[in-house]
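Student: As they're listed, the protein sequences go chains P and G.
For the first sequence, the positions run 597 to 914 when the numbering used here is used.
For the second sequence, the positions run 746 to 1255 when the numbering used here is used.
Be aware that one or more of the hints could be misleading.
To be verified - With a straight-line cut-off of 20 Å between C-alpha atoms, the simulated EDC-like cross-links for lysine to aspartate or glutamate are: (1) G:LYS1135 <-> G:GLU1106; (2) P:LYS767 <-> G:ASP843; (3) G:LYS779 <-> G:ASP916; (4) P:LYS770 <-> G:GLU871.
If you're looking for bench data, these hints aren't it; they were derived computationally from the structure.
Here the structure is a predicted model, which means the values were calculated and not measured.
Now for the letters of each chain:
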Amino acid sequence: MEAFFAIFNTDLLVATIRLSTPITLAAVGATICEKSGIVNIAMEGMMIMGAFFAVIIAYYTGNPWLGLVGGVAAGGIFSLVHAVATVTFHLDHVVSGAVLNILSFGIVRYLMVLFFGHPGTTDPIPVGLGGYQFAIPGLSKIPVLGPMFFNQTPIIYMSFILIVGALFFLKKTKVGLHLRAAGEHPLALETIGVSVYKMRYLGVVISGLFSGLAGAYLSIENAVSFTEGMSNGRGFIALAAMISGGWTALGSFAAALFFGFADAFQIRMQIFKVLPIPAEIFIIFPYIATVIAVAGLVKKSRPPRADGIDFMIEREDG
Amino acid sequence: MSTVKEDRIVLEMQHISKQFPNVLANEDVSIQLKEGEIISLLGENGAGKSTLMNVLYGLYRPSAGKIILNDEEVEFSSPKDAIEKGLGMVHQHFMLVDNLSVTENIILGSEPGKAGIIDYKSARKEVAELSEKYHLEVEPDAIIESLSVGLQQRVEILKALYRKARILILDEPTAVLTPHEVDQLFLVIKKLRDSGVSMIIITHKLEEVKAISDRVYILRRGKCEGLRNTKDVTKEDLANLMVGREVVLTVHKEKKEVTGDSIFNLENVIVKNEKGINALDGLSLNVRPGEIVGIAGVDGNGQTELAEVLMGLCKLESGRIYYKGEDISELTTKQRRNKSISNVPADRHRFGLILPMTISENMVLGFHDEKPYVHGINLALDVIHNYSEKMVKDFDIRTPGVDIPAGNLSGGNQQKVILAREFSRNPDFLLVAQPTRGLDVGAIEYIHSQILKMRDRNVGILLISLELEEIFSLSDRILVLYEGKIVKEFVPEETTDKEVGFYMTGGKKE
């Protein structure tokens, strides 16, 4: 039993941050998207595109920073498909999201064969962002919190900044207020002269950029190559984080941390085999945690009122 | 009274027509509005009032005609243009974001502040100043959903004033207000007029026209049927112009002695809503055969739950329901309906009808599994068809046939389908909720007379309505529902709408 308690150390918390980062990014992005009124279940697909293109760009330029930009851009561009489908063509949001997820598998496999001659795993990039870990002088010396928050890799730092940015954007800026209104009462926004379509496009694309960054984290910061299936359902866990976080940026972050913790915990249970039960059992742990969190919290949270509801400007010139 | 220069015309709509793909919604309508004047646009549903105002507000473009604002011809391609030219509109369904604050709603789209960041401090200050200037008191930081409907309407008016509106369009402004709130609104309207704001009020209520406007335009079937000075015209004249024929404004209800034991009893009923709060909080009432008991109350005081618990559609937390002396608290909806309890639900689109299904299918809904409407496992389509055709005739349902979807009918005819289905089962107890919501005068007249006919057949009727006028004209007894309890009982002849309204809003007499 002593061995079991030994698991709960600073390393577990540091791993929690690392494992939750992609979930956090995708979930916070999705929160902004849904606040604009567009349901987004395509984070998985957007992450895959981001992860793949980050590697492609980093591989051919040799520069992981350009890879990062490529991954973010790929997520953003791919998300435009969702925006065009749902906002301009009024397609059902869930249908469009499901299509995007499936499409991403196909596109990536096709391009893998095209660029690398085989599916599976790409060739490694020369240098990943994981090599750019840096400790912030002073702050990183704080016990527990220092290693967690102030001795990390670039995209993890970016995720902290982006959470604060998302909060500020939603609460304090004009565009943020417009975007929230678009998801609550679009007609109210339209009748005072602000385009609901624009706000919803913006929401979807922000989500695409965030998910693209999450993908880049997986492939060029946490690894140095892209492997099919490496997103491993994190886009869907991000969806769960957004829902159990009550469609708020901070709530999504908290839920993502919880899921990251569950993952870090199960990895340790498997490696150290401290309890007399088959270690494989723990693989399912994060998923069970997800189900419990969503089932337990979803009733209390309120989605934006017009989330998932099509908005059509009725202006026929007949 | 008003401090305005003589009769300067601020707005003119000239020969406006609006053609939609299938309907000519407005045909050659012209109106004039003078500075500091209040005009009414009176008409039934579908008369083209809202279309005309949407043309004015830039939501639609006119097919013909022009708009002249302050001696200048204008063309609006969106509400934004109209707002910039000093028009404001208070919509019937408020354009407010429920979970934002009063301030956020008012400034939305015209926020103060630099570099895209909202300056909340000066926004709050501006809102406070504005509400003081026009005597529209409202807490700037309150969240919209925590406010009463009357206060929400104030926020809508402030929203228009914040955008410097000089012409205000009010769409059915009293539709959702209590009598007291209506009085307050009228005061606000008069104050606004005195400060030089001109107003157009869209309405189908004659009372309102008489009480507040200087002149009234009457619209019928998209055309302007006339212009009257309000003080020179009677309500009867207005009604006849509006409908195009003689109408009976007050239902003729014979006073009738109600005897006998009650047929329907609720005893200390408690029902929780989805938030776990007691929506019905120890409610007791009884209905006797041959009487109409009207439930008066502001929306959200337990009306929905009362209707649901009567029909067995929600969980009874505690208390008992008796029908003809028998405890029916545990019976299912189907069992209750089989005991000749009928129900006209408040939301005819969601609960009364299945809109994509045909009239005849809707006509037997709920007893489509009983003889004579089934043969074995098949529906007896010919029986259903003939029955429906008879009902269409009996209840004067205007339809090209019984095989068209119920959704194609007008609101009034849809409601008649429900009435036909429920009334023809010869119920002994009838629950009627919001029977005339959104219907025009002609349909209301018909439905009221049918309900009274049921009363005269000795049916016990519980009427739930948000329209106080309806409660007054139909009920033999009025029960006031407030926060899930019956707080007061009245006989309509011995009270006033003011008094009932007082109890509806939680008032207590010393």
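Student: To test your reading of the hints: which numbers does this structure violate?
Tutor: none
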